[in-house]
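J.: Chains as they are written, first to last, in the numbering used here: chain A, 1 to 482; chain B, 1 to 482; chain C, 1 to 140; chain D, 1 to 140.
Calculated from the structure, these hints are not laboratory results. Treat the hints with care, as some may be off.
[As the list claims (entries may be wrong)] Partial selection, computed: residues in chain C whose CB lies under 10 Å from chain A:
(1) Pro3
(2) Gly12
(3) Asp14
(4) Val18
(5) Thr35
(6) Val39
(7) Ile69
(8) Gly73
(9) Arg75
(10) Asn93
[Claimed, not checked] PhoX-like, lysine-lysine: derived pairs with alpha carbons at most 25 Å apart:
(11) B:Lys142 / A:Lys482
(12) A:Lys482 / A:Lys446
(13) A:Lys111 / C:Lys98
[Said to hold, decoys possible] Covered by chain B, according to a simulated footprint, are these stretches of chain A (three or more residues, beta-carbon under 8 Å):
(14) 165 to 174
(15) 281 to 288
(16) 345 to 359
(17) 420 to 434
Here a beta-carbon is modelled for each residue, glycine too, at the ideal position from N, C-alpha and C.
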Amino acid sequence: MRYEPMAWKDFLTQRKSVLATWPTGKDVDLEGGLRYQRDIPEAKNFARAMSGAKAKGRTLIQPRAGVALIDDHIRLLRFLETEGTADLLPTTIDAYTRQNRYEEAAVGIEKSTAAGHSLLNGFPAVNHGLGGCRRVTEAVTKPIQVRHGTPDARLLAEISLAGGFTSFEGGGISYNIPYAKKVELGDSLRAWRYIDRLVGWYEENGVSINREPFGPLTGTLLPPFIGHTVAILEGLLALEQGAKSITLGYGQGGNVLQDLAALSSLRELAGEYFEKAGFTDFDLTIVFHQWMGGFPEDEAKAFAVISLGSFVAAAAGVEKIIVKSPHEAAGIPTKEANAAGLKTTRQILSMLTDQIICGDNDIIRREKNLIREEVACLMNAVENASGGDPIQGIVRAFAGGLLDVPFAPSIFNRGRVLPARDNEGFIRLFAKGNLPLSDEIMAFHKERLAERAKAEGRAVTFQMVTDDIYAISKSKLIGRPK
Amino acid sequence: MRYEPMAWKDFLTQRKSVLATWPTGKDVDLEGGLRYQRDIPEAKNFARAMSGAKAKGRTLIQPRAGVALIDDHIRLLRFLETEGTADLLPTTIDAYTRQNRYEEAAVGIEKSTAAGHSLLNGFPAVNHGLGGCRRVTEAVTKPIQVRHGTPDARLLAEISLAGGFTSFEGGGISYNIPYAKKVELGDSLRAWRYIDRLVGWYEENGVSINREPFGPLTGTLLPPFIGHTVAILEGLLALEQGAKSITLGYGQGGNVLQDLAALSSLRELAGEYFEKAGFTDFDLTIVFHQWMGGFPEDEAKAFAVISLGSFVAAAAGVEKIIVKSPHEAAGIPTKEANAAGLKTTRQILSMLTDQIICGDNDIIRREKNLIREEVACLMNAVENASGGDPIQGIVRAFAGGLLDVPFAPSIFNRGRVLPARDNEGFIRLFAKGNLPLSDEIMAFHKERLAERAKAEGRAVTFQMVTDDIYAISKSKLIGRPK
Amino acid sequence: MNPQNIVLGVIGADCHSVGNKILDAYFSEAGFHVTNLGVMVSQEEFIDAAVETDAAAILVSSLYGHGEIDCEGLRAKCIERGLDRILLYVGGNLVVGKTPYEEVEKKFLDMGFNRVFRPQVDLAEVVKMLKADIAAASRP
Amino acid sequence: MNPQNIVLGVIGADCHSVGNKILDAYFSEAGFHVTNLGVMVSQEEFIDAAVETDAAAILVSSLYGHGEIDCEGLRAKCIERGLDRILLYVGGNLVVGKTPYEEVEKKFLDMGFNRVFRPQVDLAEVVKMLKADIAAASRP
Ligand code: B12
Ligand code: B12
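This is chain A alone, in the form it adopts within the complex:
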């Protein structure tokens, strides 16, 4: 595949129409954004924080958080950095903004003002505009990132980067397939090409902006190789446009050894694929997401899930962990619940910081080899489908089911892949759909699932998948029959 940055002229042309999609767009100018970014103290630059963590072998902790109104949002973030001792801050964007429905976001702001509490599930950064973003980024002392789920986040990126955010989550696949229904994959990929070009432009001008593709996708029984392939592809697309600080993510699967293998292989494979594609000037870091599937309702149990994720992060030595709260199963957490998740995480990480826990072992090696081969199957298929153009390769791969994300809402995702846990809780494939996996690989998956089926005295069916989806929220890892 050939990697080529978008022509600057094309970028500027597109830019005009992007900024015109909502009134706050007109306040943004590139040079002004750059000047503003240049004045941000180093300690608040996200890319630097990530590379610092890598150099020092530290794991930084970051919550998710966002509310409708600026002052409330600032209060929330400040609480998370003081009481919660967050190392990195988020600004989670509301779901209307994610779908570019700024009118509805405006209604949400109004209703929230009237109600005295947030009726939006995030911070409507586009509606609040450049000034609103700057108020937020100036009010905190830690590096701060935009976290969302927006297929077309071009305006959001323009406003928030000029507004002082130093990291931007997402990607053309990972912010479409799990987050949208009818957005053409080519469209979102091209929108993210624009965003990555914008980030690349900041980099060219000496301002480092961290880019973080969203690894967990649907967060539900995702076999590591599917997320890894998407993460590596989005990493390549970001590098293509000049981004340099790349953080790839993986969501906790629940089997500790599979998670350790996944985290270690994500780092290795991404590095290899990036270099093979000719990129050398990149700073790769890894983020681990605490359990992204359904949580137990009981808070004591939720704390256990949070702790287990933190344990894995410590054992794997990732640069960042995204933290859940004990309210996860119920609703957007209060600031106290959010801080509680951070404190639990911090405590586990600090207790484990000087410890070596599980080094390499045979099972981890087996799983890493498996992931390596699986990723190779998928990456080759994309390459073969691409005709040289990575975006084409991805679009065609999804169309043909060569890439397929389980449980995703997008109609551009085949949705034929069904995962289930094996008898030890490793996530395997029950139905591979059209994924281009070799027969040997599928034989291994099937064999492992057959072992479980035998142990449970039932066949591998959709019921097993459903049971597995519910399992952690019902205090189990594997959804066994009663």
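Position chains B, C and D with the ligands relative to chain A; hints supplied.
T.: Using the frame of chain A, we list chains B, C and D with the ligands on its own:
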């Protein structure tokens, strides 16, 4: 050392005076107790539950709990078995009863009745007598154990075993050295000889009573080998008197690999020493105590400490885990807080139940060898001091500092041993006092501590020990200088 | 009104598709003809589908917190379109933030929903209620 | 009254010895002559030691929950024995169960203690207060 059961005649003579020490003693008769125990359903027998857990590879969860008044205590226990899903129940005895101060316990009962809540830190089983105990043991569906800290628990044992409890915690060392100040070690060992004989008598008559020496001792930076030696000695003394179901304990140290090594070596070494002493008919199981030192005040952090302990228990595959609550640093937990600790623990255990986590590795092997050698040094010293009589051996070993428990209150403990963590958080010895450890062993401890001292740029002093004592409550494992 | 037919979907700009797929499978298994509109369904789409299939009930999911805003007015629109006997069920994480279920239930009952469910609801119970409610609504 | 001399101990049937050892080391380091009675100290033992050493303060610890019962009457006994200016400090987990600190403090102030401390107290602060309190008490 020679092991000989106490003569039955001597037991019966002593028994008269024991039962006379408090009015409720007169209700107890041996045959009546036996008949009562025989009617207890198998599912409520503690010894059976422990061996069942071993056979099935399950980890049972047990809280600590006890309040002054019978009805409140029953309500508490029922809540812990339903909401908390405890597998095993406790009855924690109050601190007056532990010192045989039944008059003060009576005052505590009165004041508690008046205040409408418990002013005692446990259940005064002796004051409540046989009838009170039976009301409690009949009110629950799970096996139930007496947990206390009583140097002379003869009357408590008589009443509670006849009262339907099927497990009895403690031992002549472990319920004296950390729990008393001026009780002669020989006295407590002889009192526990009596108790073990009583348990042995039940065994001879077909009723299995589980015995659990208290492994964690002072719960504070205890190097594994000290607790292990005490546990093995108390196991031997219990076997000597005819006990058969023996559960040896170990309290979480905080370094995961040291804890795994300790748990695995406790099982191995105890088995070996028991057999070497000629005992073959025993059922050995292992209990792990979640962190027994100072807890963080913040509940979210406490949940992390609880989770980490649960993780280790799961990885080690112990038969039982004793659970802490998020209120640990503050006070006796409410029933809700107690149940929360159980639920967190259950969630971690269930999520890990089908997983293999850390198998053996070089570090675990290194630590296991070390513990094996250290225990051998101490056991040999006791043997040599014993003149054939284990009780003499133990008394003389403590007098000479050949056995020595850090931070213990007893004046019969030398208190010269000072532990500290090394640079990876393993608990090592900074001062060995008079412990009969070989030069090689001490060289290893010193070297490891020197490494930490160097990393921290300070000498190994008492300040380091203090820092380590506070560390977990201040969200760290190792008490590094700021 | 066809007592077998029900319409299912996740309202608003909500992308949570996992529960939706499970509900689809569960109600189909239980004997209903499910018209599953998937995620990101507008009030109009729900009503169109209900009219088209002569459905007995609309099962609305909302997970992402905007349920309050998204569901407002659905009952009125149903009546407008002549669906005056249709059952409206709603479930999920209906409001922003952890909120006592009773409050949430009241809010959505007031909006005109017949039943309101928490995410942990036992689906077997829901099937029973739905059958009973449909039977009751079918009586003249 | 010797402003250097203080008496330290854990009251009642309480065996918690770790904090006691640390307090001993800390106050000794801070320049006090500490008479440490260790654990399981009765009111009489505290007072005897205070009389004997002409102590300026008694520092009582109670961790195990029976503090309320064990500390009752200590002030009166001090006065009886002529220790009418002695400072009484108390700290630890003073009552059974997690209780708001303000309630605990009030209870023990009412019992006649001069200062009441939570387990998480910063000992450097305590040393400062103790020195100031002793200085104030020494003034005629
Ligand atoms: C997985 C997940 C995601 C995945 C979704 C992938 C996908 N496409 O499906 C990803 C990561 C993409 C995601 C994104 C977001 N999420 Co989300 N997500 C979850 C999570 C962890 C699990 C959801 C799930 O799949 N559960 C398993 C299924 C089986 O259960 P279920 O969805 O609850 O459905 C069952 C029941 O609710 C019930 N039910 C549902 N509807 C109905 C209707 C009827 C009539 C009946 C009877 C029953 C019923 O039956 C279903 C089957 O059992 C939940 C929290 C949790 N539950 O632990 C948060 C959660 C739902 N997400 C939340 C939010 C806010 C978002 C975001 C807005 C991001 C953000 N701000 O954090 C975006 C959504 C953007 C958008 N446009 O919608 C919030 C909602 C907050 C609130 N209501 O206050 C939650 C509760 C997390 C939280 N506590 O903050 N999320
Ligand atoms: C270790 C420990 C034990 C060990 C003690 C070993 C030993 N001999 O020391 C063992 C396992 C033997 C034990 C036994 C018991 N324990 Co205990 N134990 C603890 C634990 C976990 C840590 C205590 C500790 O060493 N902390 C570290 C030291 C450095 O801190 P500290 O003791 O708090 O002391 C500091 C401060 O309090 C303060 N301070 C103390 N006194 C004073 C006085 C003044 C004037 C000042 C200024 C400051 C001050 O300064 C000290 C130094 O920093 C605590 C809970 C916790 N804190 O996490 C429970 C705890 C104290 N134990 C408790 C109980 C109830 C018991 C038992 C009765 C058993 C039971 N029912 O569970 C028995 C006691 C029997 C008896 N006769 O006393 C309860 C007390 C409950 C309450 N107050 O409501 C606690 C709080 C646990 C709980 N939440 O249930 N325990």
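J.: Given Asp14 of chain C was flagged as interface, is its beta-carbon under 10 Å from a beta-carbon of chain A?
T.: 7 Å, holds
J.: Does the closest beta carbon of chain A sit nearer than 10 Å to the beta carbon of Val18 of chain C?
T.: Given a least distance of 5 Å, the restraint on Val18 of chain C holds.
J.: Under the criterion of a CB-CB separation shorter than 10 Å, is Val39 of chain C in contact with chain A as hinted?
T.: Interface hint status for Val39 of chain C: holds (4 Å vs cutoff 10 Å).
J.: So, Ile69 of chain C near chain A? Judge it on the closest CB pair being under 10 Å.
T.: Hint on Ile69 of chain C: holds, closest Cβ of chain A at ~6 Å, below 10 Å.
J.: Hey, Lys482 of chain A versus Lys446 of chain A, does the alpha-carbon distance stay inside 25 Å?
T.: 23 Å, holds
J.: Next item in the hint list is Pro3 of chain C. Is there a CB on chain A closer than 10 Å to its CB?
T.: Violated - the Cβ of Pro3 of chain C stays beyond 10 Å from chain A, reaching only about 26 Å at its closest.
J.: Does Arg75 of chain C pass the interface check with chain A, least Cβ-Cβ distance below 10 Å?
T.: The hint is violated - Arg75 of chain C has no Cβ within 10 Å of chain A, the shortest such distance being about 19 Å.
J.: May I ask you to test the interface hint for Gly73 of chain C with respect to chain A, counting a Cβ-Cβ separation under 10 Å as satisfied?
T.: Interface hint status for Gly73 of chain C: violated (13 Å vs cutoff 10 Å).
J.: Would the hint on Asn93 of chain C stand, with a C-beta cut-off of 10 Å toward chain A?
T.: 5 Å, holds
J.: Take the shortest C-beta to C-beta distance between Gly12 of chain C and chain A; is it under 10 Å?
T.: Holds. Min distance 8 Å.
J.: Would the pair Lys111 of chain A and Lys98 of chain C pass a check requiring their Cα atoms to be no farther apart than 25 Å?
T.: 19 Å, holds
J.: State whether the coverage of the segment 345 to 359 of chain A by chain B holds or is violated, taking the criterion as 3 or more residues with Cβ-Cβ distances under 8 Å.
T.: Held - the segment 345 to 359 of chain A has 14 residues with a Cβ nearer than 8 Å to chain B, which meets the minimum of three.
Violation of the numbered hints given earlier is confined to hints 1, 5, 8, 9, 14 and 15; the remaining hints are satisfied by the structure.
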